[in-house]
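For chain A, the structure is supplied; the task is to place chain B on it using the hints.
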Amino acid sequence: DAKTTQPPSMDCAEGRAANLPCNHSTISGNEYVYWYRQIHSQGPQYIIHGLKNNETNEMASLIITEDRKSSTLILPHATLRDTAVYYCIVRVLNTGNQFYFGTGTSLTVIP
Amino acid sequence: GAVVSQHPSRVICKSGTSVKIECRSLDFQATTMFWYRQFPKQSLMLMATSNEGSKATYEQGVEKDKFLINHASLTLSTLTVTSAHPEDSSFYICSAMRAASDYGYTFGSGTRLTVV
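Each protein sequence line maps, in turn, to chains A and B.
The opening position of the first sequence corresponds to residue 1 in my numbering, with each subsequent residue numbered one higher.
The opening position of the second sequence corresponds to residue 1001 in my numbering, with each subsequent residue numbered one higher.
Here chain A stands alone, though its shape is the one from the complex (with noise of 0.2 Å):
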């Protein structure tokens, strides 16, 4: 069961920052917030994850509010390969439990 709320789409302009949103107000206090995209017809490719703090890494950043309800995904330059579907998905770290992906966001980078 999807533990996530997403909005289905949004756009954004090529070199902005694309802030998508989730929403997961039932987190358990074990379970990390994982982000995944989906580029057309490929599988999904791991973005970043976190647990309370904010992270960062090489392809974007994750904020998570101080009560863990909800994150936000940050790409700070988008480009058009950005455009894919973005998941957003909680589960506890490190455990043989199943990913279940919900809706996602379809991100359009534009020109």
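None of these hints come from the bench; they were simulated from the model.
Idealized CB from N, CA, C, for every residue including glycine.
Each hint can be trusted.
If we take Cβ atoms under 10 Å as the criterion, some of the chain A residues that face chain B in the derived model are: (1) 98; (2) 103; (3) 104.
Just chain B now, kept in the frame of chain A:
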């Protein structure tokens, strides 16, 4: 590291025949792999959990006799769609987790199945 290879990437088969899809973890061992199905413009739907050396666990509503899963080694899981029909046409994706990995699951590139 943590590469998952899926083969074939595309397959067309006749109605009534069976098709096998392979999922391999190339640089790590995976005791657990997962199989998803994705219809056009929809999200990924988990079909089953594949456990090395034991029977797969199927999600509710997934026919275990139609979608046969075999996980005979720590690096290979196969999904066989038996007696395929046009409604089985879909994008099938596998995933695997590297033990003690922080990065969740690595996904294969998917298999586009078309049943004619």
